[in-house]
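One-letter residues, chain by chain:
2 protein chains.
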Amino acid sequence: MPLLGLLPRRAWAALLSQLLRPPCASCTGAVRCQSQVAEAVLTSQLKAHQEKPNFIIKIPKGTRDLSPQHMVVREKILDLVISCFKRHGAKGMDTPAFELKETLTEKYGEDSGLMYDLKDQGGELLSLRYDLTVPFARYLAMNKVKKMKRYHVGKVWRRESPSIVQGRYREFCQCDFDIAGQFDPMIPDAECLKIICEILSGLQLGDFLIKVNDRRIVDGMFAACGVPESKFRAICSSIDKLDKMAWKDVRHEMVAKKGLAPEVADRIGDYVQCHGGVSLVEQMFQDPRLSQNKQALEGLEDLKLLFEYLTLFGIAEKISFDLSLARGLDYYTGVIYEAVLLQTPTQAGEEPLNVGSVAAGGRYDGLVGMFDPKGHKVPCVGLSIGVERIFYIVEQRMKTKGEKVRTTETQVFVATPQKNFLQERLKLITELWDAGIKAEMLYKNNPKLLTQLHYCESTGIPLVVIIGEQELKEGIIKIRSVASREEVAIKRENLVAEIQKRLSES
Amino acid sequence: MPLLGLLPRRAWAALLSQLLRPPCASCTGAVRCQSQVAEAVLTSQLKAHQEKPNFIIKIPKGTRDLSPQHMVVREKILDLVISCFKRHGAKGMDTPAFELKETLTEKYGEDSGLMYDLKDQGGELLSLRYDLTVPFARYLAMNKVKKMKRYHVGKVWRRESPSIVQGRYREFCQCDFDIAGQFDPMIPDAECLKIICEILSGLQLGDFLIKVNDRRIVDGMFAACGVPESKFRAICSSIDKLDKMAWKDVRHEMVAKKGLAPEVADRIGDYVQCHGGVSLVEQMFQDPRLSQNKQALEGLEDLKLLFEYLTLFGIAEKISFDLSLARGLDYYTGVIYEAVLLQTPTQAGEEPLNVGSVAAGGRYDGLVGMFDPKGHKVPCVGLSIGVERIFYIVEQRMKTKGEKVRTTETQVFVATPQKNFLQERLKLITELWDAGIKAEMLYKNNPKLLTQLHYCESTGIPLVVIIGEQELKEGIIKIRSVASREEVAIKRENLVAEIQKRLSES
Chain L
0 MPLLGLLPRR AWAALLSQLL RPPCASCTGA VRCQSQVAEA VLTSQLKAHQ
50 EKPNFIIKIP KGTRDLSPQH MVVREKILDL VISCFKRHGA KGMDTPAFEL
100 KETLTEKYGE DSGLMYDLKD QGGELLSLRY DLTVPFARYL AMNKVKKMKR
150 YHVGKVWRRE SPSIVQGRYR EFCQCDFDIA GQFDPMIPDA ECLKIICEIL
200 SGLQLGDFLI KVNDRRIVDG MFAACGVPES KFRAICSSID KLDKMAWKDV
250 RHEMVAKKGL APEVADRIGD YVQCHGGVSL VEQMFQDPRL SQNKQALEGL
300 EDLKLLFEYL TLFGIAEKIS FDLSLARGLD YYTGVIYEAV LLQTPTQAGE
350 EPLNVGSVAA GGRYDGLVGM FDPKGHKVPC VGLSIGVERI FYIVEQRMKT
400 KGEKVRTTET QVFVATPQKN FLQERLKLIT ELWDAGIKAE MLYKNNPKLL
450 TQLHYCESTG IPLVVIIGEQ ELKEGIIKIR SVASREEVAI KRENLVAEIQ
500 KRLSES
Chain Y
0 MPLLGLLPRR AWAALLSQLL RPPCASCTGA VRCQSQVAEA VLTSQLKAHQ
50 EKPNFIIKIP KGTRDLSPQH MVVREKILDL VISCFKRHGA KGMDTPAFEL
100 KETLTEKYGE DSGLMYDLKD QGGELLSLRY DLTVPFARYL AMNKVKKMKR
150 YHVGKVWRRE SPSIVQGRYR EFCQCDFDIA GQFDPMIPDA ECLKIICEIL
200 SGLQLGDFLI KVNDRRIVDG MFAACGVPES KFRAICSSID KLDKMAWKDV
250 RHEMVAKKGL APEVADRIGD YVQCHGGVSL VEQMFQDPRL SQNKQALEGL
300 EDLKLLFEYL TLFGIAEKIS FDLSLARGLD YYTGVIYEAV LLQTPTQAGE
350 EPLNVGSVAA GGRYDGLVGM FDPKGHKVPC VGLSIGVERI FYIVEQRMKT
400 KGEKVRTTET QVFVATPQKN FLQERLKLIT ELWDAGIKAE MLYKNNPKLL
450 TQLHYCESTG IPLVVIIGEQ ELKEGIIKIR SVASREEVAI KRENLVAEIQ
500 KRLSES
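Going line by line, the protein sequences match chains L and Y. At position 385 of the first sequence the residue is numbered 384 (numbering that gives the first Met the number 0), and the sequence of numbers has no breaks. At position 393 of the second sequence the residue is numbered 392 (numbering that gives the first Met the number 0), and the sequence of numbers has no breaks.
Among the hints, erroneous ones may be present.
Heads up, the list lumps identical chains together, so a pair's fine if it works in one copy or across two of them.
Stated by the list, open to error - Calculated cross-link-like contacts (lysine to any residue; reagent style SDA-like; alpha-carbon spacing at most 20 Å): (1) K418 x L452; (2) K426 x L311; (3) K143 x Q422; (4) K243 x K257; (5) K75 x R396; (6) K257 x V393; (7) K400 x Q342; (8) K118 x T104; (9) K303 x N444; (10) K57 x L124; (11) K145 x S483; (12) K146 x P67; (13) K57 x E101; (14) K403 x N444; (15) K143 x S480.
Derived by calculation from the structure, the hints in this document are not laboratory data. All values derive from a computational prediction rather than experimental measurement.
Whenever a hint applies, use it, and build me the whole structure from the sequences.
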């Protein structure tokens, strides 16, 4: 039976069930007759062909389609985010979805394995972008741009274990704002925190807090605690997990997996419990171990200045200096920050939201230099809004409240109560479209009036214009309000003006 | 010298130049001394390390970054396109950048080889999307959607030979509008043509023409001319090249490469010269060969009805029934169309534009059924706006005219003529931001006033608010118009209101 090897899986199952049915009368029962097997094979092959059995329609693991409902929510949120970026003077830009693989390597630390590579089809080795920061740095270095304030909204791709429940996907949208250039200390850094505050307040997601630290303080703390310098980045990655894991598990990872001495881990443990306002910065200046470390002192000086500016921006009370904040990515060199939503008591009927980081960023003064042949540096600081998490939160809230969104913006529907009025409807809708009015009609020669009115109610179209024999004869049009069901007759030639008047009033 | 094998290329060149310099005094001249070679190797290695010689910074072949200038032009054009789609009642949606490879195979005919595949990293076999139509059909089938009017703006990827001169890239943006569902004939089809007209008129690209044909007429013509059915799609692909190639070259391809009999090719040649309005449709009904073909007759009937609706939409004079239009993609089943800009006489100083197709589409009634396990069909018709070509045309025109675009939207700049006024500037800009005003300042503690004013002029910021010692003492702020250089003093507490008044007036 050489054919069997070629059978697709579902056909195999069909064949098996054929073979397992009672033997035919002419057989001994112990062995199936040749004709029965041949028939089974044939039937399966035929079925296989007719039903395309091997073809299961689906989309790639960890990805999803965005329905019109999703898109409406996204558009609103992105509009708010982008208009904040523009308010702060940022320019838009975009980079290709993929980069040369070597552009992306050695930028992301432990996470590099999660990059999507493209197949080698006889050209360059390419990978899908993993964030928008590295392509931005590559852009600056390649075009020798020394100064730029830009935002970038785009998709990035990571081969993470997808968690649909938490709204984590392998393809997701990032919204980044960055300031590149040599400036006086902490002014751009403070503006980044101001932007995060404006966006999170604007989105009305509830109370939030921005944790702030500095990579130089993190490294200084590691040095002060006795972490060998070769382990700095690895230990930093462990600390970064403190928002998802308990200290004892992070400690275990550092000691058992990363070979840190237990007493060193415990010293770190003392520090990472510290968080507070500007007073904690002052306190750390007095810390016997930290204050011996040059790097840490520089970081503390900058944080002090940062808090001064944050006070002028009126957002100091939203900021917490937090020694447990480490940020996972390798490229940070100075101030780092992460905004978290504060859990509010769950209201009746509301499901508790999985609250976490909704924005983050920091200073990365060395990244552009990594791309420059001579290592010329361009200092940068920036932020990324966790829009996917925000989309998820807003969608969950709407679901809980039973809120519905209109997925179209249609203002007027063109209807008729009579048969053979397609031509008049087409003429009428042309007038509306040409006047810039959003209009729809049914693609039927003779639709029922009830069907037409029902369409307006179900899709939220506010106005209907109705044309029939009577109206045509008298040179009038009826305008109907879907909500109130009121109808008025107007002169045909006043149609556009009357519609525009009603739309501007509503 | 085992080290040499490890040297990168630029280091090799440096080594070579060292070895080629004049021999040292202690050498015979014929053979270089050991110490000299060793020195050369060492120097090269050091250089190699310092200058990262192997790293050439670039982006993938056929792709490009979109600068802020590009983005501004794009945003304006896309806004116009999307608002037209919304005017016709379309909903937005999005699909992942990649699909299962098998979703995309056997949909694009001869072009399938141009797909970007992802590397097999131990999961599914994936490819980057090649257009937005196949993912839309997959979406409809997967979600059992029988009716939908949607638009989709997104990137697609094709491994074509990039032609930067013609604005053709391997990553490009598509803007699609499609109507899925079983409706009365030609109503949605006519609306698609209306949309193309609205968009091309709105963009003011100059005069244009939409060529229309029907796949059933193309196939009927092939049958009538004696093309074997097995060659229909291949010959269709050749005909599709008529807008770029002369008839004699297309004929050669059909005969020499695709094995068509010369007399059959010549019969096709007679037809593909025909183009005209609705009168040509009437004429083809009388054609002795075409009128024998059932498929062709169906196509002609539909075109006749289409022209009736196009007349009601007021766009019939923009449409040309063109028998040379074939469209390359396999999935079309009915009406097909392609919009071309008509070459206008080149004005003085203007470079002649490479005019070509700027929008296209057609009816594809079988594509959704290819994804349905039971083959259930959902008829579809749609269009794609060639926005990349449009971006290119608009950018070229602006370049010719020397037009410049602002890449930021900043309305107000916060300046000071004095030292040590950072705090006051920060307080002032906070007020503006919090009132929703787009504002910038320089990130310097003590910028010069001239530098600040120059920044406004070079970036097009219209208003400056100025604060100095005098103003602070008197509780006033100066507002300066950058264009007129006029300055007025206003009360500090009226700042936001005064700025808003001025912005609403301009």
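Evaluated hints:
When the C-alpha separation of K418 and L452 is checked against a cutoff of 20 Å, the pair qualifies only within one copy, where the shortest distance is 16 Å, while the shortest distance between copies is 68 Å. Taking identical chains as interchangeable, the C-alpha atoms of K426 and L311 lie at most 20 Å apart only when they sit on different chains, with a minimum of 6 Å there against 60 Å within one chain. Proximity of K143 and Q422 under a CA criterion of 20 Å is satisfied in neither setting, with 60 Å inside one chain copy and 32 Å between copies. Taking the shortest Cα distances, K243 and K257 sit within 20 Å of each other inside one copy (19 Å), while across copies they are farther apart (63 Å).
Taking the shortest Cα distances, K75 and R396 sit within 20 Å of each other inside one copy (15 Å), while across copies they are farther apart (33 Å). Proximity of K257 and V393 under a CA criterion of 20 Å is satisfied in neither setting, with 39 Å inside one chain copy and 57 Å between copies. Only within a single protomer do K400 and Q342 lie at most 20 Å apart by alpha-carbon distance; the minimum there is 18 Å, versus 56 Å between protomers. In this assembly of identical chains, K118 and T104 lie within 20 Å of each other by CA distance both inside one copy and across copies; the values are 17 Å within and 16 Å between.
Taking the shortest alpha-carbon separations for K303 and N444, only the inter-copy value of 16 Å comes in at or below 20 Å, while the best intra-copy value is 73 Å. Taking the shortest alpha-carbon separations for K57 and L124, only the inter-copy value of 12 Å comes in at or below 20 Å, while the best intra-copy value is 28 Å. Neither within a single protomer nor between protomers do K145 and S483 lie at most 20 Å apart by alpha-carbon distance, with minima of 60 Å and 31 Å respectively. In the homo-oligomer, the alpha carbons of K146 and P67 lie at most 20 Å apart only across protomers (13 Å), although the nearest pairing inside one protomer, at 38 Å, exceeds that limit.
In this homomeric assembly, K57 and E101 come within 20 Å of each other (Cα to Cα) only across copies, at 10 Å, whereas the closest approach inside a single copy is 32 Å. Taking CA atoms no more than 20 Å apart as the test, K403 paired with N444 passes in neither setting, with 31 Å inside one copy and 50 Å between copies. Within a single copy, K143 and S480 get their C-alpha atoms no closer than 59 Å, and across copies no closer than 33 Å, so neither meets the 20 Å cut-off.
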